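Q: As a plain string of letters, each chain reads:
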Amino acid sequence: MQRTLTLASAAFALSALASAAMAQTGPIRIGVVTPLTGTYAGIGQQVKWGLDLAVRQINAGGGIAGRQVELIYEDEEANPAVAVQKAEKLFQVSKVDFLTGTVNSGATLAVGQVAERNNRLIATTVSFADSITADKCSPNVFRVNARAGMQSAALADWMAATKPNANVFYLGPDYEMGRSTVAAFKSAAEAKGAKSVGEVFAPLDNKDYSPFFGQMRSARPAVIYTSVAGNDTVRLFTQMAEFGLNRSVQVVGASGTVTSQNLPAIGKAADGFVTGVGYATGIDTPENKKFVADFQAANKAAPDLYGADSYGVLFFYKAAVEKAKSTDTDKVREAMRGLQWNTPQGLKTMRAGDHQAMQEMYAMRVNGGKFEIVGCVKADAAIGPDTCTRF
Amino acid sequence: MHDTVLTTLPASVSAGRRRWSAMRWLATAFFGGALVFAAVALLLGDVFFLRLATEALIFGGLALSVDLLLGRTGLLPLGQALFFGLGAYVSALVLKEWSASFWVALGVTLVASAAVGLVGGVIAIRAKGVYFALISFGLAQVVSKVVYNTRELGASDGIIGVPGAVILPGLTSASPAGFFLVVLAFIGAVYFGLRYLMDTPLGRLLDAMRANEHRVAFLGFDPWRYKLVAFVLAAAIAGGSGALYPMLRGFVSPELMFFQVSGNAVINVIVGGTGTLIGPLYGTALLTGLRSVVGSFTAHHHIVIGVLFVVVVILMPRGLVGYGAPALQRWLDARRAAREVA
Amino acid sequence: MSATLEWLQFVLAPQMINGLSIGVAVVLMALGLTIIFGLLDVINMAHGEFYAIGAYLAVLLLGLGLSFWAALVLAPLIMAVLGYVTERGLVQRVFHSRDRHTLTLLLTFGLAVVLEDLLKIAFGANPVRVQSPITGATEMVGLFFPNYRLFVMLFGGALIAAVWLLVFRTSLGALVRAAAFDRQMSASLGVPVARVYAGTFAFGAALAATAGVLLAPIYSVFPTMGRDFVLIAFSVVIIGGMGSIKGAVLAGLLLTQVQSLSSLFISPVWSDPLLFGIMVLVLMWRPQGLFGKLGHA
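Heads up: the protein sequence lines correspond to chains A, B and C, in order.
Plus 151 on top of the position in the first sequence (first one is 1) and you've got my numbering.
Plus 191 on top of the position in the second sequence (first one is 1) and you've got my numbering.
Plus 2 on top of the position in the third sequence (first one is 1) and you've got my numbering.
Derived by calculation from the structure, the hints in this document are not laboratory data.
Do not take every clue at face value.
As the list claims (entries may be wrong) - Derived pair list, reagent style PhoX-like, types lysine-lysine, alpha-carbon separation capped at 25 Å:
| no. | chain 1 | residue 1 | chain 2 | residue 2 |
| --- | --- | --- | --- | --- |
| 1 | A | K441 | A | K451 |
| 2 | B | K287 | A | K287 |
| 3 | C | K248 | B | K319 |
| 4 | A | K469 | A | K441 |
What the hints assert, rightly or not - Only some residues are given here: those of chain C computed to face chain B with a beta carbon under 10 Å:
| no. | residue |
| --- | --- |
| 5 | L107 |
| 6 | L120 |
| 7 | L174 |
| 8 | G175 |
| 9 | L177 |
Just so you know, these numbers come straight off a predicted model, no measurement behind them.
Cβ coordinates follow ideal geometry from the N, Cα and C atoms, glycine included.
Only chain A is shown next, with the shape it has when bound in the complex (with noise of 0.2 Å):
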């Protein structure tokens, strides 16, 4: 008994040695907690595409800080109490030294608890519940997707040029993130000079929006606002079109009402819609176009604003980790504060007050299946108050 739990210890001590011993030249692991079924599951998809691109390719430029860099793909199942059990797994266990991927907001923030207890840092790249970086900020979560806000100050901005004071209906999910989104949209285009001519919410996973459509008509509004995404997108779009509803109106919504996952099923019936976004494929640079190369090289299909943010953010966390030559966790938070780093979309800032990326923000058009930049806005007009007091 006495020497089976010597050599236990013993062992135990040796292998905790090497660990430490490990973890300063083996592979650095970072985990991700995405979904990779459930009804998110084609953003997941996104994500690991993106991911899977910048970790080849820092990979073959010598790894970060000349140490190879590992994935661990964890399925969050879009469910935040699935996720929270991975992400621990992928600290306790496979001990990572740095996470990312998770999509909803829930999750997101879970997990961010969960970092916290685990002293470690998570990044998101697709979440954009103004909360996360507001009043539920966390100093071991950064996100670097632009926010709500962002998106709705860019779009307010190219409405507010081409279409000034004009009326807006509004159509949203009957969910905290579309009624929010609405909102923010809303306070946004009022303050430059729209004016609200009616506002209805439709239940999520609506299937038939015919009901709708008498209200919206009367009101007679030049543009409409939707916060709608994925399926639903594409049911309301087809909709419109097939009662002409789209004909003299100008459709306007969320940056993920529609992106490449649906597009392919709202076909022409999106012709003509305007978001307000953090990334496009019609950036016209040549880092973006190198990018959406490479991409659909590798994927066979075009990315969105979560393959390319999710692309950038193995990136971000290569500046931080080589600017602090280090990966222990105090040290990789100061780098990333104020960091600056190259993206496809040009150079964002992490603002240090709410670990809050800032960048340019576009108006994007979709036309004939494809995005083009119609407006823009600079990173500081667009980002709006740091309202973070936790740190």
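Fit chains B and C to the known structure of chain A by using the hints.
A: Leaving out everything else, chains B and C in the frame of chain A:
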């Protein structure tokens, strides 16, 4: 409704023999095994597996509540996650806004779950068989949708920042091994409480009702009242188990009320062994581990579990313990007989 | 006075017509479900997946170059074969147990989980478009109604009438009703009961698949689409009476009208809970639904 495949219990379950029956062995093996696991994990300084096992126990409580209804009262609940999720939310709110005490949170949740169970039961109990299943399903859908949209409850993001619950001075739910033991004690209390209950007149009545409800009415008992008691009890157990979740994970989200949770609980019960009470615990432990492991290997883990479930329903409807216990009992009897002869 | 007339013409009437087009879709789903329950006593929780498979079969056939109309005929036929095989291979195995209701419910529930994941593996998680075969819109009561929707209403109505005729006016239908009414007796009279059961299941599945094909251009096609109709189809079947065709049709049309019109007065989010509430009330007051069982209708 006669004795059915799903709900025929091995004779050893209801026999209160003094010598250890197969069921008692199985129960001891489960709880004893859990203690051994805790000791080993504590020694190795593990955190993840202890928390995973705690989570499995918490969902095991939900499975027990489903088994009380399905295996012992003859009602199939497809929306039991409603009470589980409700319990989780109540507990989270109590811990966050009122008192960080484990006992207060658990107590308030048990009372609240029983109250909601009473209301839900009055609505649902009237229906029989599959109608009950559909009402249970629909109730859960409706309430989870309401919670999903309620901003005060965090809406689709849920509630984060739930502090650890204080069990004793110096012991909070943040301690992996400590909380594991506390949850094990809770589940043990529920399990042994239910086993005891099944031997009381109430338990006998439930057995009788499951065998033939009409006859029970002719004997002078009102089946509706006893079904309601079982329903409220099941609601309280589900809610109490749910209360433990935010203590473990520090957050709650509406997904805890979704059909997936109810469905998984039913799968856990069927695979483990309906009506055996210990079977659902085994089933939950097995399937939680399976889901975690399979999920790391393939994105298609839903199909694996789904196919396993279909196979069990077709080939082994009584579940693992449903077949394992009688087999074990036969082996024990044979050994006893051999020893007595010799 | 003219304000009321305007309201009637421009608000109420369009809403009612919309409700009608949704109603036809719901009735098609509920019909298959109630037939399967009425005869087989099987609660088919995989019915939504049959609907989804029908839609995906249409996508496949269209991808192979066939016309929409060919897909409308072929997809239900293929689904009928799949349904027949499912009934003989899976449902029959748990059929003879006393616990039939619960076991078949669980079995079809497990099947639904597996099918949904299979669809996602086979076709990907993203939505797919099916082009509407009829384009253009007609102006009616001040609103433009897409011609395809009008077609769906007419075709769906004709299909429902055809099912009614088949069940109540043909000898095949009589065979089916006899087997539902008294299985042993029918078997001893020479009715091939096992095949009738499997055939009926196949028929119900084919109805769901037809709904899938018809609605694909309107509602788009994606792996979780099977869940769209589950709650409302079951509610309609329960309220109408499990196994009653008349009940499914009347309850389906009536309830979708209630939903459609209620969205004028209360927030649309409450329309599903409203339906569910009605179902609970019906179950409490008249558990067998409004119109009783297939074998006795």
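Q: Could you work out which of the previously given hints the structure breaks and list their numbers from low to high?
A: Hints 7, 8, 9 not satisfied by this model.
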